[in-house]
Amino acid sequence: MIINYQRNLTRLLRRDRLLHPLNIVYYVTEQCNLNCAYCEDFGLDRNEGAAPSLPLADALRLLRIIRTGGDHLILTGGDPLLYPAIEELTARAHRELKFRHITLQTNGLLLPQHEPLLHHVDRLVISLDTTDPDLIGELTGLPPDLAATILDNVQTYARRRREFGYRLVLNAVLSPRTLSGVPDLLDFCAAHDLLISFSPQAVNNWPRYELLTSEEYRRCLETLLARKKRGAPILGSRAYLRTLLDLRPFSCAPTLTPRIAPNGDLLYPCRPIEQGGLAQGGRLNLLTVGSWAE
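According to the working numbering, the sequence shown holds residues 210 to 503 in order.
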């Protein structure tokens, strides 16, 4: 990451916006075990039509190519814990391929069945939008007992951070149903010494219209800004939170965090441009090249 950061500074001085990656995101699988109300891409009801994942040997070959482009890897999905070989993939990414930093993003439901991989993870990111088990169930389609399990798992793996050596971060989606519970979620994070990041619900890659017109949403972001200023464990700069508050256009650098589909396709430079069919966007399967530089 440090080398790419230095390269990027040089490029920016030359007014070159084609920047080297700082994090590379690999969608290990499109399979998911929840039906989150706000998710546009994945879900239990969409699993039948999900694109197939790579077998382990090809996934490792893909990671070797990714490693030539950067040393910070994010494994996500769907839910990556549904990938049959996720434990071996994570361990070998750490031990053999020498990724300096590995992040695992999950809904947390299956963590007890995959604890060995936590020894190879530097950052564990669990999706949690509320501390209300009933609302968790409503948002995810889970029955009450399983909804409560997610909350229990967050607390369990918060206690076991030192045992495994990862940093635990929560990720929350701001939607009309979750806005009122944000203060309780922040209190929960403070009580368990957890960091949290926030992002607004998107519809077709744009913020949901009800958020654009919501005074409650503005009050929520003003609360986040005020509490961050007082030291609340909120990830993201105040400039980022102000951008969420105003939902104004911003300068984007998508090549800093390239995203790779389960089959090895690099979505270039980002999904909205690729989906829009614009001339600047497209896909390249990384298994057809020998290194990131190609």
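These are calculated hints, taken from the structure and not from any lab test.
Don't take each hint at face value.
Listed next, the in silico SDA-like pairs over lysine to any residue satisfying Cα-Cα at most 20 Å (straight line) [as the list claims (entries may be wrong)]:
1. Lys307 to Thr358
2. Lys437 to Pro409
3. Lys437 to Asp393
4. Lys438 to Val412
5. Lys307 to Thr466
6. Lys307 to Lys437
Hints versus structure:
1. The suggested pairing of Lys307 with Thr358 is violated, with an alpha-carbon distance near 33 Å, which exceeds 20 Å.
2. Straight-line distance between C-alpha atoms of Lys437 and Pro409 comes to about 17 Å, which keeps the hinted pair within the 20 Å bound.
3. A C-alpha spacing of about 15 Å is found between Lys437 and Asp393, which places the hinted pair at or below 20 Å, so the restraint holds.
4. At roughly 30 Å between alpha-carbon atoms, Lys438 and Val412 are farther apart than 20 Å, so this suggested pair is violated.
5. Between Lys307 and Thr466, the direct Cα distance comes to roughly 19 Å. Compliance with the 20 Å bound is thereby established for this hinted pair.
6. A distance of roughly 34 Å separates the Cα atoms of Lys307 and Lys437; the hinted pair therefore is violated under the 20 Å criterion.
Hint violations for this structure: numbers 1, 4 and 6, all remaining hints satisfied.
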